[in-house]
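The chain contents come next:
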Amino acid sequence: MSEHHHKETFVTKYIFSQDHKMISKQFLVTGMFMGIIGVFMSMLFRMQIAWPEESFSLIEAFLGPHQTDGVMNPDMYLALVTIHGTIMVFFVLTAGLSGTFSNLLIPLQIGARDMASGFLNMVSYWLFFISSVIMVISLFVEAGPASAGWTIYPPLSALPQAIPGSGAGMTLWLVAMAIFIASSLIGSLNYIVTIFNLRTKGMKMTRLPLTMWAFFITAIIGVVSFPVLLSAALLLIFDRSFGTSFYLSDIFISGEVLHYQGGSPVLFEHLFWFLGHPEVYIVLLPALGITSEIISTHSRKPIFGYRAMIMSIMAIAFLSTIVWGHHMFISGMNPFLGSVFTFTTLLIAIPSAVKAFNYITTLWKGNLQLNPAMLFSIGLVSTFVTGGLTGLVLGDSALDIAIHDTYFVVAHFHLVMGVSAIFGMYAGIYHWFPKMYGRMMNKTMGYWHFWISIICAYGVFWPMHFIGLAGLPRRYYSNTAFPMFDDLADVNVVITIFALIGGAGQLIFLANFFISIYRGKKATQNPWNSNTIEWTTPVEHVHGNWPGKIPEVHRWAYDYSKRVDPNDDDSDYLHGQDFVLQTTPLLDGEEPS
Amino acid sequence: MLALFYIFIGVAIGVSVWQITRILNFRGVIANDEDNAKQGKNAIYFMVFLYAIMIYCLIALNVLMLPESASIEGEHDDRLFNITFWLIGIVQFIMQFLIFFFTFKYRGNKNNKAKFYADSHKLELIWTVTPAIVLVGLIGYGLWQWNNVMDLSDDDAIVIEVYSQQFRWDARYAGEDNALGRGNVNYIKGINTMGVDMNDKNALDDKQVTELYLPKGKKIHFQFRSQDVLHSAYMPHFRAQMNCVPGMVTEFGFTPKYTTEEMRQQSEVIAKTKGINKIRNAKGEDPYEFDYLLLCNKICGASHYSMQMKITVVEQEEYDKWIAQQPTLASVIK
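Going line by line, the protein sequences match chains Y and F. Throughout the first sequence, residue numbering follows our numbering, covering 793 to 1385 in sequence. Throughout the second sequence, residue numbering follows our numbering, covering 34 to 367 in sequence.
Since the hints were made in silico from the structure, they are not lab data. We treat Cβ as the ideally placed atom computed from N, Cα and C, and that holds for glycine. Any given hint could turn out to be false.
[To be verified] Computed list of chain Y residues with no C-beta within reach of chain F, every gap over 10 Å:
| # | residue |
| --- | --- |
| 1 | ALA970 |
| 2 | ILE978 |
| 3 | THR998 |
| 4 | ARG999 |
| 5 | ILE1193 |
[Stated by the list, open to error] Derived pair list, reagent style DSSO-like, types lysine-lysine, alpha-carbon separation capped at 27 Å:
| # | chain 1 | residue 1 | chain 2 | residue 2 |
| --- | --- | --- | --- | --- |
| 6 | F | LYS234 | F | LYS143 |
| 7 | Y | LYS1157 | F | LYS143 |
| 8 | Y | LYS1314 | F | LYS143 |
| 9 | F | LYS74 | Y | LYS1157 |
Please model the complete structure; the sequences and the hints are all you need to start from.
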């Protein structure tokens, strides 16, 4: 590639950039902006749950016509939980996480000048940007934004008579999501093609860092499942605007019978969850990939069971596409299907357990460099285990019927995919910040950020399991209509206080992030003494990543603390240091690991 | 409470500002041995915190939990839940210990060397096979119980339709013939709010009510309908839940095990009721008495959070008396 020959203007460098490094920063900052909105919303509705009749000037200031004397309206409560879910799952943890790190790392870790198609990559970001703008605009629609839950089950999402948010707010939601899916698909195709075709010499698939494997498999799941959500959304648009009856049938509302005949909401549920469940892994696998890389690097040890990790990623990916029905045990589908989905769902515990054990074994007898990135990775393993284990309860159809859609579910999925994926994202940011901005983030603030985050994560979600087991349904505007839940009020106050502290604690991260961009200590070329080849590029970004030839790869990414005699822990380090870059050729007689 | 919130925000901003000022003369970016030692210790402190809240919640919040299953089918749910819960509880305690103890134990130090240990087929095999074996048991029991719960083949079961709309529940008993008359939204008119086809002779002896009365020890076969959006009939005390889907009829069944009166005498229920009434007294609200409830558990609109129906379980004789007093549809809808 002929870099440096064309002149870069401000617009081509910072706005319509085709450089994957710039695009990744664009994804990150947009994702962070959306994340601030999503987290702020959760704080508002947590306040409503804890203090249902209390008046807050904060709510008065932000919710405008959707509140009465500082108390939010029920419709607005539902809108907030809907948009919080949508933003966090799609805009932050799909685009913000995959978009950022797939873009940044794929070319750098496989040894490519850029993505296979820089132009499509740019298109992918700008579609995401437009989608974000539309989603934000939908918050200001007069009747309020979409309020049918992030799962937008029809008929509620199809009928403005049923809930005001299903008017213009829902239309904008669907348009935003359709564009979002296009962005995601373009991005995923690009990632797949790039990893398949642009690996540097010597970078066999079996030498790819686990981040690459995770991003690669994630992109494949995305390509398989996102189109199904698109079709679900399109059919819903048809039902809403053109009078078709894909999902609607026999409806009597506002005193009249509607014309819909023969459709079924269960069809929508199948289509939605065919994406919805793999989506969990689209969110989680990149975080697990990042964690694998970081735990290995900062433990100064090879990741334990590299091949088993790849196998488990593949197994999870495969199983994730055949378990969607566990969200629908009580939807009215045939009970036999419930049996099948219980079986496949519980099987996912096996590869997940393998991953967790492998992480722990990697820590064992390591020389752990407890940087903020490492702590967030360890935190991920902790929340992944906690949240994953309760999956054994929910995946079992016989148990699910008793606690489906209660706060037990909310606690489960927030820990296993929400907190875990966010922790993975933070770990990635702390670890690769020097690669993105050429500077380092402050570690003390990183430590504060981590401990506040994990304490509050458990403070919020551990007690939440119990109010779920007490039978409290999710998405209740207030629990005051049921005296049987009166004794849960105190627990809800505690949860909300933890949530508020945890939310406020993220300000430490924001401050650290933005100050470090300008004032952080200048990074060295390979600050973490890492093996992967992104650390062989210069600190200052150049178009095409490497100024000269792309380096050749001679070994896998995990030769940390390798000894001259691999079986003798007391012998000297190979090359006299505890890491061996992937670009270092094998010594005479050295066994490849 | 508002003051409390502002205090939290204030503290958070204070901490941030304090840290930001520190960054200006404190440019530490990579963990050194001192950091490793400190963070390793923090991992232990955190582990203590985590165990403390895990155990505290298990003990202190136990009184808030639902009482034992009030349906015969739910007994195995409770047992399966207990088995699963103990299992994952033990695994959770061990795994969290390993994670945070290793973080402390193997904290980095200049003089230490990490062990080069990349693979072990034996270990991989152990932690693939062990979960697999445990899962076979869980899946087996779960599927057996699932078939149990979803088995509606009992011909003697009392057929009851539960009908949902924004934002109320109604119910229809099948009457003498134990067969429900056809229903469709097109028949909704005036007091025929459930849209029953009065030309269907099965409909004539149906009885529409606003509260559920169930006889103890008799299998109930529920059929669910909705006239507008998705609702979900959640009966937590009976470990039962089923969506109400417009355009189709869904089904579920269980056998009540205790009457409402018997349930009120149970020690778990007494303890929970006492706790609730302490709170209600302090607020000057009427005392609460235990009742079975049917709640809406699928987001359905503004008043989703208050959509409920009372369920009363009584002895057979009392049920017979009650049902005899209810008017048939034929006598109400002319």
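Hints and how they fare:
no. : hint                     : result
1   : ALA970                   : 22 Å, holds
2   : ILE978                   : 32 Å, holds
3   : THR998                   : 13 Å, holds
4   : ARG999                   : 13 Å, holds
5   : ILE1193                  : 5 Å, violated
6   : LYS234(F) <-> LYS143(F)  : 88 Å, violated
7   : LYS1157(Y) <-> LYS143(F) : 14 Å, holds
8   : LYS1314(Y) <-> LYS143(F) : 24 Å, holds
9   : LYS74(F) <-> LYS1157(Y)  : 17 Å, holds
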